[in-house]
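Protein chains in written order, with my numbering: chain A, 1 to 139; chain B, 1 to 1081.
Everything labelled a hint here was simulated from the structure, so no lab data went into it.
One or more hints might be untrue.
Capping the alpha-carbon separation at 20 Å, the derived lysine-lysine pairs in PhoX-like fashion look like this [stated by the list, open to error]:
#1 Lys46/A x Lys743/B
#2 Lys663/B x Lys43/A
#3 Lys43/A x Lys108/A
#4 Lys392/B x Lys1081/B
#5 Lys986/B x Lys390/B
#6 Lys743/B x Lys439/B
#7 Lys1081/B x Lys986/B
#8 Lys108/A x Lys743/B
#9 Lys638/B x Lys663/B
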Amino acid sequence: MEAVVFLFSLLDCCALIFLSVYFIITLSDLECDYINARSCCSKLNKWVTPELIGHTTVTVLMLVSLHWFIFLLNLPVATWNIYRFIMVPSGNMGVFDPTEIHNRGQLKSHMKEAMIKLGFYLLCFFMYLYSMILALINE
Amino acid sequence: MAQPGIPAARGAAAGLQAQNGAASAAGSPYTNGPVQNTLMSSSQGYDSQLPGSYPRPMPAKTLNPFSAQSNYGGSQGSGQTLNRPLVASSPLPPSLQSGPVPQMPLPTSRNPAATPMPSGSFLPGANPPPPLNWQYNYPSTGPQTNHFPHVAQPTLSGNTNLTADHQYVSSGDPALQTSFIKPGSTLPLQNPPLPTTFQPGAPPGPPPAGGPPPQKTPPKAALPPPFNSTVTQEGITSHANNGSVVAHSTYDEIEGGGFLATPQLINQNPKTSRSVGYAYPSLPPGYQNTAPPSVAGMPPSSLNYPSGPQAFAQTPLGANHLTSSMSGLSLHPEGQRVVNLLQERNMLPSTPLQPPVPNLHEDIQKLNCNPELFRCTLTSIPQTQALLNKAKLPLGLLLHPFKDLVQLPVVTSSTIVRCRSCRTYINPFVNFLDQRRWKCNLCYRVNDVPEEFMYNPLTRVYGEPHRRPEVQNATIEFMAPSEYMLRPPQPPVYLFVFDVSHNAIETGYLNSVCQSLLDNLDLLPGNTRTKVGFMTFDSTIHFYSLQEGLSQPQMLIVSDIDDVFIPMPENLLVNLNESKELVQELLKSLPQMFTKTLETQSALGPALQAAFKLMSPTGGRMSVFQTQLPTLGVGALKPREEPNQRSSAKEIHLTPSTDFYKKLALDCSGQQAAVDLFLLSGQYSDLASLGCISRYSAGSVYYYPSYHHQHNPVQVQKFQKELQRYLTRKIGFEAVMRIRCTKGLSIHTFHGNFFVRSTDLLSLPNVNPDAGYAVQMSVEENLADTQLVSFQSALLYTSSKGERRIRVHTLCLPVVSTLNEVFLGADVQAISGLLANMAVDRSVTASLSDARDALVNAVIDSLSAYRSSVLSSQQPGLMVPFSLRLFPLFVLALLKQKSFQTGTNARLDERIFAMCQVKNQPLVHLMLTTHPGLYRVDNLSDEGALNINDRTIPQPPILQLSVEKLSRDGAFLMDAGSVLMLWVGKNCAQNFLSQVLGVQNYASIPQMMTDLPELDTPESARTIAFISWLREQRPFFPILYVIREESPMKAAFLQNLVEDRTESALSYYEFLLHIQQQVNK
């Protein structure tokens, strides 16, 4: 059972890693003028909710399966994701707003955020992998 | 031109005349290089990395016959001018382009985007317009041809090169054809080795006479490889190596992207330099000192040439230069002074505040951009971000790029010379290393001077690239060739969308609008292609078919507002010329059509969607008139204002409640349509949400609270005047603007009405002369190794005559390394303007009180920085640098401005409108609305008066905005930008009442007086001369209100007295004390 939980987390984490990489690539495309702000933001906004769901699921799963340490590790990131999602002003077109993204260094902060998340997901990935192997051995 | 540079808008009349005179005398001031140069230009200008390796190909003399013939670009010859019709009643000077600008059929037959071309065949250096030049010479090319050039003309096909091009274009002249066919036909693409000898002894004769000698062919044929890369770098048509053409689909590339925009070229560059190295193994003696052969094969970027021949008149912008400029500090002696504001309270100058002059050598400064068009908050740029942070002053630019100019040099050049890596336009601040190379002042790349650029059309001298108009004017306009078009220039399209619900009919605005439109129908900027359309809406949407041949307009009603559609594909937008009668008939009948309506709902959202659908094939301008909160369909809004909470600075709704309008605006922007919103509403209409439609589509917002045709004549008059200006002012379509700055600086925030499409590209579906923009910058890299930085804004637009034009402004500023110098160069008006923009952003993202705090902190922080870092002795009092002596005053004025004030008297919509204005107004107007000018006018005298064109204009001193400056026995004029208020004191001299106002006594001043009678008295003449002089300085027509003791306008007058204490705000002295307390902490 333990192993299944971690296997699922592992796969989920893989998806999140891919998503982060996608975010980074798209944002750097915007930075380099390969795509315009409108299409960049509509691409990214599409994936904000899946990312949120994906990550929250793992977090909740860890809570349910009583892996406190991993749960606490995930909690800040999950909170941040939800906070960011909720705090979008009503007039904005999503977390990424094409009219704002070039202002006040937003692009840079989005980029930084995506980088940090990528690092975090990578860390989680190895943690889940380790835990899964451990669980398999124990069984 | 005799005297380059844009003269200050006023006070330079004499200078202007001289310039214009010079222009006309010169015959063809801005023609491009000599026509005969074509071939050589292609071979030399671009091809050669080693400039000057050919001997000077022709003596200047041979050119003359040609240039004398060609008259385009600002010459007087070709009939049509671009002057927009001006408001008939307005006393404005003709404010648009000075020069008669020929109506130019756009370069035909060269449409790279539409024409498949094998690599190398499209020669930027060569292709442009020698043919064009000729074409203009022939009257047969009617100036009125308004076809889409590309479509109408055979397009350049496959291998045609420049010469073939001639065939098409200049078909009017057989001599030309024959002369150029020959070289063209021998045009094998890659073959002949570059000739190392070019016969200088055989300068090409004027083509019509005999055609160029055949030996010119080889150099031409040798170009292809280098050109291939050049073309791509033009950023217009990307040739892949296999020869296929990629037509760019966005404007990003058109105006020219940044460094990374054309990745596919990278591998071509080595080729270029290789071929170059091969091509020019030996140097003619004349140039050997400048370019030693040993470096011939190196890539251009690594070329390290000694600086050019000393013969160059252009002063090198180098270090020695700057030091010499230091000695001649242009700062007035007072500039170094430290002011104790608590002691010297009367710091307001009695004449209008002049922007500080950058501390540059006068040779450079005299070329610099007019501060009204382009100005920087710090005229001395700090060397590092650390220094900037220390100064606590915002670094940014304020632009008014499309301002109506009295005098604007227009260049019709075949080659628009731009830096090959950063796409900067050549400007007065570039460095000419020698005759053949210039160094970009933004990215420091060394570029070649194209052959055509060597010829100066003004002096008709060859070999003076540094005397060309492009290098002598910081503000210049280019006629863009077809590479700058993604599609044929759009026709001017105007769509009017009227709210005709019950509420709207009640206000009676439709009468005014229709009357105004009828009066100005012929003055709408445009040409024979102008299209107009009309829509009305209440709970349904009404279209009007204006098909030619109909006896009267036909109304079509779409009631399905959930899924709007266009009821007929054509005839909703019609050619104004062809259907003028129908349009006039519609405008006459429209106000009567809905008088009985009982429909109270408003389906603005669906109407906008329909309008967008109607406009999307062409783009253009939508003018939307709305009188209430939209209540039906998509985009319906709910009232959010809570009157009781007006006073508190928290929790007011400054953010839009829906993203519908923003999305639609971005859609419009994508289709080159702009939406201008006229809101005439008594109740709350959620301008915060509605305004988005204009803000992101580069439109403008007009707001007339409580408009009513009978009850509110003040608003009616204002509306009519502004509408008239709106309808008749110049307009640019499908525009993009890019702001470039010297490497090391970067723009991080933009303010204004537009959509920032990519890092530095602003998308402006419409651009109008009354819009200003601002950007904030940061210093990314240390600027220690450079003394000067430059900023360039390039606005590419389609004029209402269907020409594609580029207006370029370049500003050059010195870099400084000490905090003191940064403070000395601070431009207090620009800083206040930028802070206002930033504060608007802050109030939207955070809250109004945050924004107010930030404004106050900006003063405190910068003055503390000055105190702690610059002042050596800690004196008591509030010590400020002279340059910032008005900073606290202006910030206090901002705090009392409608956008940021607290208190119950600001309605939410009015506040938001004021914020829109802050973002969209050019700095001059923003400063006038924030800190109006106050003059005493009952004792005007001719002392110190200006004399302009035989008119004597008295110059009363500007007074501080305080009640203590008013007196009951005087009359005071307040100039608040869009309104003028004449306050007449109770005991005003009888003389003034009778001689100026034309009334018997104080009591008989009418309640509502907006005009001064023209009396035959010297007092009246002076007052009227002064008021009309004030009005002439701005493009719109400010209305004059005469205010007496019990007028309703009195509150507005008193509110503008910002130095006084109000119920919720400090007086100026209290504010200074507060600042002092904080600074000295």
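Which of the stated hints cannot be reconciled with the structure, identified by number in ascending sequence?
-> Going through the list in order, the structure violates hints 1, 5, 7 and respects the others.
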